[in-house]
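Participant: Just so you know, the protein sequences line up as chains A and B, in that order. If you count by the working numbering, then the first sequence holds residues 27 to 139, one letter each, in order. If you count by the working numbering, then the second sequence holds residues 14 to 128, one letter each, in order.
Since the hints were made in silico from the structure, they are not lab data. Some hints could be false.
What the hints assert, rightly or not - Okay, the calculated beta carbon distance ranges per label pair: (1) B/Glu66 / A/Glu41: 29 to 35 Å; (2) B/Arg93 / A/Glu41: 46 to 52 Å; (3) B/Ile51 / A/His138: 25 to 31 Å; (4) A/Tyr97 / B/Gly53: 21 to 27 Å; (5) A/Glu41 / B/Gly53: 41 to 47 Å; (6) B/Gly53 / A/Gly42: 25 to 31 Å; (7) B/Asp76 / A/Glu83: 42 to 48 Å.
To be verified - Which chain A residues stay away from chain B? Per the calculated CB distances, all over 12 Å, these: (8) Ser38; (9) Pro70; (10) Asp92; (11) Pro107.
Beta carbons are placed, not taken as given, at the ideal position from N, Cα and C, and that holds for glycine.
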Amino acid sequence: QKEVEQDPGPLSVPEGAIVSLNCTYSNSAFQYFMWYRQYSRKGPELLMYTYSSGNKEDGRFTAQVDKSSKYISLFIRDSQPSDSATYLCATYAGGTSYGKLTFGQGTILTVHP
Amino acid sequence: EPEVTQTPSHQVTQMGQEVILRCVPISNHLYFYWYRQILGQKVEFLVSFYNNEISEKSEIFDDQFSVERPDGSNFTLKIRSTKLEDSAMYFCASSRRQGSLETQYFGPGTRLLVL
């Protein structure tokens, strides 16, 4: 079973739409959950991170983690064309994992005007 | 804003040749990482490095790979004898600490093409 699974899309939405991006994971040891944004031919850029279950909001972005179902979500409100990128979920177990991030496949998002 | 830098941005090499990919982490960061991303695939962890030692490495990071912090600013990844399947984007990352919510900052990557 893959550790982190993410629908690669592509996902295309009109400007202003609410976008929902999701990942599932299999390893119960994962405690930290991140969303990275990656523009074409660039490095991943951290958007948001959360610890354990719950919600975290930052402007138009909301990250949600449900550890009971091993489900991670990122919601983008009022999406903009500049949000067009690949969104990567990532997890981290902490402790003796020595910083090893485990990434999902990435979802390609296009927001068209 | 401080950022991780990587050189070169692109590298083309012949199979069997050695390559060295260079990274300058953010200056007050103490933990360093290499990841790779084969075209169309996931970003994969290769190695983490702290206090001049490898902390953890993945099964990808075999004897052909090595890392070094030759001075106070650079962090390098060496591939001794490149294979076709080493063609990928290689990302360097750094963080101040490990664990907790300490985030890793990624460089722009080096695109390696092995012919």
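Participant: Now tell me if each hint is right for this structure.
Facilitator: Okay, the hints, checked on the actual structure:
no.	hint	in the structure
1	B/Glu66 / A/Glu41: 29 to 35 Å	violated, 49 Å
2	B/Arg93 / A/Glu41: 46 to 52 Å	holds, 49 Å
3	B/Ile51 / A/His138: 25 to 31 Å	holds, 29 Å
4	A/Tyr97 / B/Gly53: 21 to 27 Å	holds, 25 Å
5	A/Glu41 / B/Gly53: 41 to 47 Å	violated, 27 Å
6	B/Gly53 / A/Gly42: 25 to 31 Å	holds, 30 Å
7	B/Asp76 / A/Glu83: 42 to 48 Å	holds, 46 Å
8	Ser38	holds, 19 Å
9	Pro70	violated, 5 Å
10	Asp92	holds, 19 Å
11	Pro107	holds, 22 Å
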